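Asks: In this text, residue positions in the sequence shown follow UniProt numbering: the first is 1, and each later residue adds one.
The set of hints was computed from the structure by calculation and includes no laboratory data.
A quick note: this is a predicted structure, and the numbers were derived from the prediction, not measured.
We treat Cβ as the ideally placed atom computed from N, Cα and C, and that holds for glycine.
Just so you know, not all the hints are guaranteed correct.
[Stated by the list, open to error] Calculated cross-link-like contacts (lysine to any residue; reagent style SDA-like; alpha-carbon spacing at most 20 Å):
1) 21 x 7
2) 526 x 500
3) 526 x 311
4) 526 x 511
5) 342 x 311
6) 342 x 379
7) 342 x 375
8) 526 x 284
9) 526 x 342
10) 526 x 495
11) 5 x 22
12) 17 x 33
13) 5 x 26
14) 17 x 36
15) 21 x 36
16) 526 x 331
17) 21 x 35
18) 342 x 352
19) 342 x 389
20) 342 x 372
21) 526 x 508
22) 21 x 37
23) 526 x 499
24) 5 x 37
25) 526 x 512
26) 21 x 32
27) 17 x 27
28) 5 x 21
29) 21 x 33
30) 5 x 18
31) 5 x 35
[To be verified] What follows is a set of in silico ranges between Cβ atoms, one per label pair, in the way DEER data are often shown:
32) 347 x 34: 47 to 53 Å
33) 30 x 394: 45 to 51 Å
34) 239 x 405: 27 to 33 Å
35) 501 x 530: 17 to 23 Å
36) 351 x 17: 35 to 41 Å
37) 389 x 498: 53 to 59 Å
38) 460 x 398: 28 to 34 Å
39) 504 x 462: 21 to 27 Å
40) 281 x 394: 35 to 41 Å
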Amino acid sequence: MPTSKPTCHACRARKVKCDGKQPACGRCTLADRDCSYVKQRQFSFRHSTLSSRAAREQSQTQTRAASESDYGTTPPAQASEHTYQTPSPSAELEHPHTPFNPLIRSSPHSDNGQQLGQDSPDARFISPEEVISPLSYLTPGISTTRSSVDNVAVPKSRERWSEELSPLEGELMHFYVGNIGPWLDVTSPERHFTYTVPTLSHTYPVLRHAILACAAHILRLISPQPRPDLATHEATTQSACLTLLIPLLNSQSSSPSSTAALQDEVVLATIVILRMSEQYAEFHVDRQFHLVPQAFDHFHTTTSPSSTTLGGLREATFYNFVRADIRMAIFGRCGTRLEMDKWPLDTALLSDADWANQMTYFCAQAINLCFNPGAAGVMGRGELEGRVDAWRGGLPVSFRPYYYCAEGEGEGGFPVVRFLCPWHVAGLQFYHAAKILLRTTFFEDQGGFTDMLQYNKHISANILSHARLLCGISFSNDHHGCRINSSHLLALGAQFFNGRQEQIRVLNYFDMLRDTSAWPSYECRKMLEEAYGVVSP
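Given only the sequences and the hints, what does the whole structure look like? Please build it.
Replies: Listed below in structure tokens is the structure:
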């Protein structure tokens with residue numbers, strides 16, 4: 001009988017056909033990875049069942065050992081020729097994504113000879129032209145073929161996380177996965193910032209530095225005792241991250257083709273995480289260095305008219321940016337940095353998170369209608385209010401609260417409204433905020449009010465119910481990402497309260513956010529104290 005072609009370790013681990021060429025097969029040559037073959041055993045006797053089993057077990061042991069030495073802890077790609085399906089969060093924990101095309105190549109200098117300050121002396125940040133292919137083919141929910149995965153260049157040297165991270169970095173990564181990631185995944189059922197981003201950070205130092213810097217900053221703020229080690233590590237990792245990130249961002253102006261690099265998921269996720277850390281400064285000292293709308297300016301050119309995003313991590317980064325942009329616009333009484341004509345309406349509502357994201361769009365429209373009505377792409381009040389009402393009328397039944405108490409609990413008498421998922425909370429927070437903004441524009445459309453009685457009737461009939469529900473939803477759900485999402489929205493609506501108990505309850509809420517999570521609350525309190533005529537002690 002003819003002997004079968006030998007199979008190399010890499011192809012065997014990936015369960016793909018090997019052409020058997022030596023010293024390196026075609027697939028390994030194409031992917032630029034080490035290629036080695038299983039040593040063939042020759043037996044002069046007939047195999048028994050026991051000896052065959054032993055040979056199989058020994059071969060499997062050798063294959064596993066080779067796979068771990070060549071590819072670290074990243075599992076091999078699946079053998080299916082079909083498209084990559086969105087994994088569940090639990091599946092992502094058990095089977096992280098396939099190794100990604102690295103942003104690091106061998107050489108300590110950039111193309112122009114400039115030292116870029118990478119993690120190791122034999123690494124360089126690749127040029128934007130080399131990152132033209134985005135990572136979307138490895139994003140959950142985006143189709144990919146076997147050939148595209150086979151061409152991914154895998155780092156030749158990769159250590160385990162447990163060996164790579166110091167004890168302090170292990171503490172910071174643990175804090176990120178348990179806290180910051182879920183806060184950023186408010187409208188991401190796949191929890192990309194909790195699962196996908198830490199996996200990517202194993203391959204991309206720029207993302208890992210951002211995670212560690214953000215975690216060190218927030219953990220230092222909430223720690224009951226001074227942590228100088230966190231301050232030092234924050235400064236070190238922040239500097240290392242910016243050293244890698246700035247050359248790529250600056251390349252946009254020097255090369256027209258480099259705009260695709262800015263859309264790279266790793267870069268966008270890095271910007272979002274840095275912005276998350278930056279938001280912990282109060283509004284009057286927040287420099288907004290990482291609130292970069294240019295990173296998303298070309299978002300619409302890569303999508304169909306009916307969809308604003310490509311799904312997956314890219315979508316999660318986009319809406320995190322939008323939520324941060326909305327927060328600054330409310331505090332600054334100005335339009336959003338992201339221009340509405342560059343953000344077409346997404347009508348493809350395939351999940352509850354899509355519904356929440358669409359209301360985020362409507363809320364941004366309402367903000368621009370109030371503070372920048374002449375900007376391109378801003379809807380008129382009548383059209384926008386009709387769309388907002390249609391959104392509320394068409395909500396899936398899954399948006400219904402699992403618990404509702406109209407009378408409320410504790411001081412203030414606000415309703416208790418609890419939902420199962422944070423995207424349900426965020427969607428309805430934006431809905432009530434949009435209704436409040438739209439009803440305030442009614443003042444100008446009607447030429448103002450002639451007397452205080454008419455004004456008070458309008459407030460009571462059109463705004464207070466939305467303001468109370470917005471507060472009730474925010475008070476009832478303790479997901480910190482939802483609290484971050486609602487703090488500025490709540491301050492916007494709570495300005496209209498005239499009951500002393502309601503005012504005290506709202507002010508106490510912001511004190512709680514400041515004391516328990518170090519979330520900046522000065523601007524919100526200032527906004528409310530001016531409306532209530534209260535002077536802080």
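Asks: Next, verify each hint and record whether it holds.
Replies: Going through the hints against the structure:
| no. | hint | verdict |
| --- | --- | --- |
| 1 | 21 x 7 | holds (9 Å) |
| 2 | 526 x 500 | holds (17 Å) |
| 3 | 526 x 311 | violated (38 Å) |
| 4 | 526 x 511 | holds (12 Å) |
| 5 | 342 x 311 | holds (17 Å) |
| 6 | 342 x 379 | holds (13 Å) |
| 7 | 342 x 375 | holds (11 Å) |
| 8 | 526 x 284 | holds (12 Å) |
| 9 | 526 x 342 | violated (33 Å) |
| 10 | 526 x 495 | holds (11 Å) |
| 11 | 5 x 22 | holds (11 Å) |
| 12 | 17 x 33 | holds (16 Å) |
| 13 | 5 x 26 | holds (13 Å) |
| 14 | 17 x 36 | holds (15 Å) |
| 15 | 21 x 36 | holds (10 Å) |
| 16 | 526 x 331 | holds (11 Å) |
| 17 | 21 x 35 | holds (10 Å) |
| 18 | 342 x 352 | violated (24 Å) |
| 19 | 342 x 389 | violated (24 Å) |
| 20 | 342 x 372 | holds (15 Å) |
| 21 | 526 x 508 | holds (13 Å) |
| 22 | 21 x 37 | holds (10 Å) |
| 23 | 526 x 499 | holds (18 Å) |
| 24 | 5 x 37 | holds (11 Å) |
| 25 | 526 x 512 | holds (15 Å) |
| 26 | 21 x 32 | holds (15 Å) |
| 27 | 17 x 27 | holds (9 Å) |
| 28 | 5 x 21 | holds (9 Å) |
| 29 | 21 x 33 | holds (14 Å) |
| 30 | 5 x 18 | holds (8 Å) |
| 31 | 5 x 35 | holds (15 Å) |
| 32 | 347 x 34: 47 to 53 Å | holds (48 Å) |
| 33 | 30 x 394: 45 to 51 Å | holds (49 Å) |
| 34 | 239 x 405: 27 to 33 Å | violated (50 Å) |
| 35 | 501 x 530: 17 to 23 Å | holds (19 Å) |
| 36 | 351 x 17: 35 to 41 Å | holds (37 Å) |
| 37 | 389 x 498: 53 to 59 Å | violated (27 Å) |
| 38 | 460 x 398: 28 to 34 Å | holds (32 Å) |
| 39 | 504 x 462: 21 to 27 Å | holds (24 Å) |
| 40 | 281 x 394: 35 to 41 Å | holds (39 Å) |
In terms of the numbered hints stated before, the structure departs from hints 3, 9, 18, 19, 34 and 37, listed from lowest to highest.
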